[in-house]
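Enquirer: Chain residues, written in single-letter form:
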Amino acid sequence: MSLYYTASDHFVLLPAILLALFGCAVLLFDLTALGSPRQRLWLPGLALSGLGFTAVALLRQHMLVAAQGVEISAFRGAMAVDRFALAFNWIFLVAAVLVVLFSYRHLRREGGPDHAGEYLGLVLLAHCGMFFLATSLDLVTLFIGLELMAVCFYVLVGFARDRRSSEAAIKYLLLGAFSSAFLLYGFSLLYGLAGSTRLKDIADAVANQGPGDPVVLLAVVTSAAGALFKVAAVPFHAWAPDAYEGAPTPVTAYLAVGSTAASFAFLARLFVTPLADAREIWDPLLAVIAVATLTIGNLAAVTQSNVKRLLAYSSIGHAGYVLLGLVAGNNTGLNGVAVYLLTYAPMTAGAFLIVAAMRRTARPAAAPLEAVTAAPVAASPRGRSGATVMEAQPELSSPRLEERASADDAVAATAEPAEDVDDFNGLMHRRPGYAIWMLIFLMSLAGIPPTAGFLGKYYIFLSLIEAGRYVLAVIATLYVAVALYYYFRIVRAMFAGEPDPPVGVAENWGTKVALTAAGVLTVGIGLYPEPFLRLVQIAGMR
Amino acid sequence: MPPLPQTVPLSWYLLLSAILFGLGVAGFLFRKNIITVFMSIELMLNAVNLSFIAFSYQFRQVDGHIFAFFVMVVAAAEAAVGLGIILTVFKNRATLQIDEISTLKN
Numbered sequence: 005m006s007l008y009y010t011a012s013d014h015f016v017l018l019p020a021i022l023l024a025l026f027g028c029a030v031l032l033f034d035l036t037a038l039g040s041p042r043q044r045l046w047l048p049g050l051a052l053s054g055l056g057f058t059a060v061a062l063l064r065q066h067m068l069v070a071a072q073g074v075e076i077s078a079f080r081g082a083m084a085v086d087r088f089a090l091a092f093n094w095i096f097l098v099a100a101v102l103v104v105l106f107s108y109r110h111l112r113r114e115g116g117p118d119h120a121g122e123y124l125g126l127v128l129l130a131h132c133g134m135f136f137l138a139t140s141l142d143l144v145t146l147f148i149g150l151e152l153m154a155v156c157f158y159v160l161v162g163f164a165r166d167r168r169s170s171e172a173a174i175k176y177l178l179l180g181a182f183s184s185a186f187l188l189y190g191f192s193l194l195y196g197l198a199g200s201t202r203l204k205d206i207a208d209a210v211a212n213q214g215p216g217d218p219v220v221l222l223a224v225v226t227s228a229a230g231a232l233f234k235v236a237a238v239p240f241h242a243w244a245p246d247a248y249e250g251a252p253t254p255v256t257a258y259l260a261v262g263s264t265a266a267s268f269a270f271l272a273r274l275f276v277t278p279l280a281d282a283r284e285i286w287d288p289l290l291a292v293i294a295v296a297t298l299t300i301g302n303l304a305a306v307t308q309s310n311v312k313r314l315l316a317y318s319s320i321g322h323a324g325y326v327l328l329g330l331v332a333g334n335n336t337g338l339n340g341v342a343v344y345l346l347t348y349a350p351m352t353a354g355a356f357l358i359v360a361a362m363r364r365t366a367r368p369a370a371a372p373l374e375a376v377t378a379a380p381v382a383a384s385p386r387g388r389s390g391a392t393v394m395e396a397q398p399e400l401s402s403p404r405l406e407e408r409a410s411a412d413d414a415v416a417a418t419a420e421p422a423e424d425v426d427d428f429n430g431l432m433h434r435r436p437g438y439a440i441w442m443l444i445f446l447m448s449l450a451g452i453p454p455t456a457g458f459l460g461k462y463y464i465f466l467s468l469i470e471a472g473r474y475v476l477a478v479i480a481t482l483y484v485a486v487a488l489y490y491y492f493r494i495v496r497a498m499f500a501g502e503p504d505p506p507v508g509v510a511e512n513w514g515t516k517v518a519l520t521a522a523g524v525l526t527v528g529i530g531l532y533p534e535p536f537l538r539l540v541q542i543a544g545m546r
Numbered sequence: 002m003p004p005l006p007q008t009v010p011l012s013w014y015l016l017l018s019a020i021l022f023g024l025g026v027a028g029f030l031f032r033k034n035i036i037t038v039f040m041s042i043e044l045m046l047n048a049v050n051l052s053f054i055a056f057s058y059q060f061r062q063v064d065g066h067i068f069a070f071f072v073m074v075v076a077a078a079e080a081a082v083g084l085g086i087i088l089t090v091f092k093n094r095a096t097l098q099i100d101e102i103s104t105l106k107n
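The listed protein sequences correspond, in order, to chains A and B. Heads up: the first sequence runs through residues 5 to 546, numbered per the working numbering. Heads up: the second sequence runs through residues 2 to 107, numbered per the working numbering.
Keep in mind the hints are simulated off the structure, nothing from the lab. One or more hints might be untrue.
From chain B, some residues computed to sit far from chain A (all C-beta separations above 12 Å) [said to hold, decoys possible]:
# : residue
1 : Pro3
2 : Leu5
3 : Pro6
4 : Thr8
5 : Val9
6 : Trp13
Looking from chain B toward chain A, a few residues come up when the C-beta cut is under 7 Å (computed) [claimed, not checked]:
#  : residue
7  : Phe29
8  : Phe68
9  : Ala78
10 : Val82
11 : Ile102
What follows is a list of derived Cβ distance ranges for each label pair [to be verified]:
#  : chain 1 : residue 1 : chain 2 : residue 2 : range
12 : A       : Lys204    : B       : Ser12     : 24 to 32 Å
13 : A       : Leu32     : B       : Leu11     : 46 to 54 Å
14 : A       : Val292    : B       : Met73     : 29 to 37 Å
15 : A       : Pro454    : B       : Thr37     : 50 to 58 Å
16 : A       : Gly56     : B       : Ile20     : 46 to 54 Å
17 : A       : Thr481    : B       : Val74     : 42 to 50 Å
18 : B       : Leu11     : A       : Leu221    : 16 to 24 Å
Glycine included, C-beta positions come from ideal geometry on N, C-alpha and C.
The following block holds chain B by itself, in its conformation from the complex (with noise of 0.2 Å):
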């Protein structure tokens, strides 16, 4: 097998993707708008992505791209359904702060 063109190690790439993983995260965490945190949830699904395919790119497999490409179609159906329920609740109560939701409680 000719060897992979390769000039980035496929550290760098996982740990791109734990950075982009973290940063996902803390905006997880620390965000209040629910739109924002949505899009942090998306952007923890695409750093999964780019570890899976930084390791199919090292394996020389599709298995790790067709997982990626997986992960697009559901984060894609996970976005329709979610924008959907945060329209609802948004007709509901007029905001999208999430401090604001905060009907059910002990």
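Chain A extracted, bound-state conformation (with noise of 0.2 Å):
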């Protein structure tokens, strides 16, 4: 036992320390010639290559927690790398790669003054944030790992500074700070109980106590309130369609895959481990959520006509799986949770970044004269889509390639967001291949086979068949049917709807990117699960 920062300490921080190092980097670049508009590169490129190191510093844990079979603990038992740190760890830079890439040059379009360096700070600060909640075996480190990502996301929530999306902001961040106090009260019940704040100390003294012991039963209430909070857990869900509709949509991509796999690793560390003793006071109280939660968010999506809102109550739905996970509680559940989080962020990333894309366009008829005209000064800037070699040849243009032509180039000028169901109509005429992705990824969110989202759900019923917890198993599955139904009504508009007015769709070269990687991995995952499901194993296997 040493006080001084060991090798080791140093190895398992490593990520978090170079995420700090690049989020503050980033911020600070941009206030020099290098923040400047014109090289806009620059950031992301430098957030990228901050994340790139990030993934080399997991690769080396990864390697040898995977020679060595045992977990490396630092800083004398408050943090430690094992499988499960590794395989949430592995999600979040999914996430943050993604949200970096198609964040790219997306947020001038969302209205307001892009502060690039800003927001790219951020996304690294909160996936810092991420880090220690999945690493950390400390009440204190938790504690802060949670507030770093909630602070980070309260402000990115907020970005675009308009009215919606400061509304969404105000009202994750009351009912946030309003959560974690809650969350700070059990805490502190569960230090007066130990007298320690490692959670191995607070496991051994809620053994003792007895699951009986009313400090215990508050410590364990309080404690899930503000933690179930986080993950939009039916009763505490109600920011959640709020804070999706109203964020930039990379930030909702973001909110959606990084936070909610965040906070469930915060969920089974504090559950599975310290309050595993307490088991019989928490698992039906979690049962009780998890089959409400489902309830909630599949019903209530199905009504929805705004596909962000709609999408956010359909991850409340998933939330609701991943905590039946937790519920059957053996090492199938345990697995499957990893598993479901590791399919549901290349599909629901993908998702949104189609939803980002997409820009309602005037009906040209309808289109005021100046948007037209000025619309080639506006669209050269941003990426060379084909308008844009449309309109150096018009005599070639035929009547219909110039309605296209001049929605193009709309699509440039007024650049409002389209996000309604009815938005997507026909889609699939104007852009076949936004459709066909945005049907792989519908279809894995709906869990349909060959896809990664059939994976997720596969081992979440396994493991509860396999704990004998039958009506759950047949509740979960029913749910799968009513997603379907909404799910598709996305897909219906897009076959089947008449596009009026006809919907467009503004990319650059980082959605594209993005785009392929979150598709290639939504199949990928499900056609070849092996190698992904051995990156994620993170129970019965030593």
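Grab the two chains, each in its own frame, and use the hints to assemble them into the complex.
Expert: This is the structure in structure tokens:
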């Protein structure tokens, strides 16, 4: 035991150090010439290289843990890299890379000035907070990680600074701070029980007290409330639809993927180990909450007209499935939680990415003249799409092409996000590539076999059956049918709807790379799951 | 170890902490002005600090004190971000009444 900063401390902490360093570097470089609008490639590049170094650090940890088969403990037991931490850190990394890629030049279109440095810095610092949530074994570090992530997200949700975005941010902030106060109250009681902030000591103290103790009960309920809030479980879900709808869409994706996964890591760390002996208190509680979450999430999604809100409710439903994995509590269930969250990352990010790229267009007849004439100027700096080429050769264009060209120009000029289900009408005719990717993401979200989403659901159902919770398994299966209905409302709109007014797509290389990566992961995990399953296997293999 | 100079028992501190926490919850639920709601959250956090420090004193450790310091730091960060967001909300709507901030709905 040493009071000094040891080599293994450094080895464990290195990803967080890199993330914090690059996060601050991106913030600072924004102030220099590199942050000027002409040099926009620098900042995403710097952020991506930071994530790349983090990936290398994680890979080294992964290789050591895999080779030795034991966890690497650091800071006298306050943090540890084990398979659990690594699995979740890979999920966070996937989420952060996708979000940085598709936030590239996105914020300007969301309205307001683009503070790319601040934005990317906050994305990296939030990732740093997630790292602590997955790696900590101590109440203090868990709390700091949670708040580092949450405070970054409060700012990110309000980043557009318009009416909707600021409303979403204030709701998320007030409810988030309220829930962390509850969490802290639970933590203070746990500390009072154990006389230590280490999860290991708390586990012993809870085992000694016995689950019937009223203080244990109060501590479990209050800390559970705080943790369940972050995963948007019913009845703590009220913030999610508002925050998802009001936030800039890339932030929504990050919130849905990164924040949810990190909060589940937190929940699993808190419940599976230290509160394991209080299982008879929280097991029925968690089962009821999981079923309520499935019900509210899936049923409320059916009636939504805004796609971001629909996906918000559906992500509440997905949280219900993951909670069922924790309820099952066996090795399959724990692995199922990680598999579910890994598969959830690319498909959800992909779906939000397409929503982020969609742009409403003015009706060709009603399009203001200056919008069309100003279009080449506005369109030229933003990626060379087919429209610009057609603009250069007007004599070749047929009437239909002309309509498409003018529509795309209006896209660049108005830049109004298209977020309603009706906006997806006829996407297949205008942008078949985007429609087919969206179909794949939605199939995966619904859990249809050749895609990644099936795998997560398979593990959750399997764990419930292994644990003998047949009723829960049946309920969970029923809600798959409900989910199919609302996901396929979007599919029907894309393939059968009449485009009026036609929808446009604002794209650039970042969107394309992120979309391809998300799509390939979604299909790849579904078709060839072996390596991915091994990557996130957290239980039952030592 | 010499006995702790203690005139007030631990349970009293915990009771006070619970009462303060309850007042904070009540303020959060029933007040309509965002600033007041925000203050209620700070009250809840301070109630937690009190119980951390009371436990810490009882155990003769510094762990609880350190936790209380971290809670203060986080509360300050949250307050800074929170007031910034409140300012944006006010600029957008010229009101800080919670009931009037409801554009986002089903």
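Enquirer: A separate judgement is required for each hint: does it hold in the structure or not?
Expert: Tested hints:
no. : hint                              : result
1   : Pro3                              : holds (19 Å)
2   : Leu5                              : holds (14 Å)
3   : Pro6                              : holds (20 Å)
4   : Thr8                              : holds (20 Å)
5   : Val9                              : holds (16 Å)
6   : Trp13                             : holds (14 Å)
7   : Phe29                             : holds (6 Å)
8   : Phe68                             : holds (6 Å)
9   : Ala78                             : holds (5 Å)
10  : Val82                             : holds (5 Å)
11  : Ile102                            : holds (5 Å)
12  : Lys204/A with Ser12/B: 24 to 32 Å : holds (27 Å)
13  : Leu32/A with Leu11/B: 46 to 54 Å  : holds (47 Å)
14  : Val292/A with Met73/B: 29 to 37 Å : holds (36 Å)
15  : Pro454/A with Thr37/B: 50 to 58 Å : holds (54 Å)
16  : Gly56/A with Ile20/B: 46 to 54 Å  : holds (52 Å)
17  : Thr481/A with Val74/B: 42 to 50 Å : holds (46 Å)
18  : Leu11/B with Leu221/A: 16 to 24 Å : holds (19 Å)
Of the numbered hints stated above, none is contradicted by the structure.
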